[in-house]
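In this note's numbering, the protein residues as written are 11 to 477.
Just so you know, the hints here were simulated from the structure itself, not pulled from any lab data.
Misleading hints may appear alongside valid ones.
To be verified - Below are the BS3-like pairs computed for lysine-lysine, each with C-alpha atoms no more than 27 Å apart in a straight line:
id : residue 1 : residue 2
1  : K214      : K204
2  : K450      : K438
3  : K345      : K469
4  : K438      : K451
5  : K345      : K438
6  : K113      : K71
7  : K447      : K469
8  : K114      : K71
9  : K148      : K114
10 : K450      : K113
11 : K204      : K40
12 : K204      : K438
13 : K148      : K50
14 : K277      : K204
15 : K447      : K114
16 : K114      : K50
17 : K345      : K464
18 : K438      : K40
19 : K148      : K194
20 : K71       : K43
21 : K40       : K214
22 : K43       : K214
23 : K277      : K71
24 : K113      : K444
25 : K214      : K114
26 : K204      : K194
27 : K40       : K444
28 : K113      : K194
29 : K438      : K277
30 : K71       : K214
As the list claims (entries may be wrong) - Derived CB-CB ranges, DEER-like:
id : residue 1 : residue 2 : range
31 : G341      : E142      : 35 to 43 Å
32 : G341      : Y97       : 54 to 62 Å
33 : A389      : E197      : 19 to 27 Å
Glycine included, C-beta positions come from ideal geometry on N, C-alpha and C.
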Amino acid sequence: MNHGSFLCIDAGTSRFKAALLSIDGEIVAKSDKTYAQNAKVHEYTTEDFTGALTDVLHGIKDIQHRTHIDGIGITGHGPTLIPIDRYGRSLFPAVGYLDDRVKKYIQRLSDKKSDKIATTMYIPIVLFFREEHPIIYKNTYKFLQSFDFIAYRLTGNPFASSSTSGITLWNEQSLARAGLDIQKFPEVRYMGAKIGEITANAEKEFGIPAHIPVFAVGADFAAGLIGTNALDTGRSCERAGSSGGINLCWDAPVSDSRLLCYGHFIKNRYNIAGITSTYGKALEWAGSITGIGGGKHVPKRYKPPSLLFLPYLKGERTPLWNPFAEGVLMGLDEKSSQRDILQAVYMGLAFSIRDAIEIIEENGCTFQHPVVTTGGLAANDWFTQLKSDITGKEFAVTQTYDAELLGTSIVIAKALGVYPDIGEAAAKIVRIQKVFKPQKKLHNAYTHLFRLYKGLQGKIAGHFTPY
């Protein structure tokens, strides 16, 4: 079979991306668009998604018409849900995981059970609709994730996509406990399964040729694991996007309430994860209040800072599991500058990664390869070096900072039979371009500051309660 290219779509938290990739993982063309964001609520209109899709497809239009598209894969941020009626019309903007209105429902479920995955994902969002918008809940035919809504617009099939059955989007028992109607939740299609084909209507609306197959991928973190080849014991991925965190592939489950652990989509492997909910979001905030950002004004040499920052701007999952957690900036005095604040935020994010790494290692897991970083902030070499110095681990970047797109192309390639399995494809396609090694002197200095960070976290964590 002669292959042209794969169309890979990523509805990220802040940026919507699309790219054409070759079967060898080369990006032939790429386009992206940033959403308008509302700091008070985490909402997207369906036009945000369909309009962004139209715009990014237009951005690669010339290339698109010169190459044959063999398959399409769609990933995106989660958890976000859109209620649609039987005609596919949106009944309310998509509500996302950072929305303050969902916090009390997260807490309600958290008080009842210890399943941290369920209590911080989809069910609290639906409870928000049932309790505060009962007419919309009643009229909802299906609740769709952001990337599943896009797949629905392209194929006409309202499925939910997930990377693995080890991650429970929802099930009959959890929905029943929450008093929710199971009929409003779509059937799940797992990674690599065919969702449908581009319809004639979608061809007219978006310009993508009809009958091209569309495949399930799952959430963007899973695509990122593939695109960084974090698919075997000891391999890891650090996601440096709007939200962030560390994921380690391991050969046994870990039972620690401070972490996430669930079955990997690679057989007999587990994904051990620590999450920082407001990662890039914290830097956006710091840039907005200081008037500087992007790392350009951060010192290129070590300077002992006087500030500590806890990056909990929208509650926190691991290790706190507290939707009411708040950001903390400690150590301000009259000499504190804008640059000091920005550097403290960078440090706080890196400390949150070290925090997760140390908890993972406490459970007997080891990082046996460089931590591969991906996402928009992976383009910031200064920050990547800082994370290496703070954690004491080697960090690396691959041929693209958009590992989610690369991972999506690998899923499509496997689904079309180009490669026998995802692991082999990732091993051949993902290429390390640069490695960052920790500097011992700086690591020792940052270790002292990290202990202060942990002390502050321990003293203040119990004070994060509902207003």
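Practice task
Of all the hints given earlier, name the ones this structure violates by number, lowest first.
Solution key: Those not satisfied are hints 2, 4, 5, 6, 7, 8, 10, 15, 23, 24, 25, 33.
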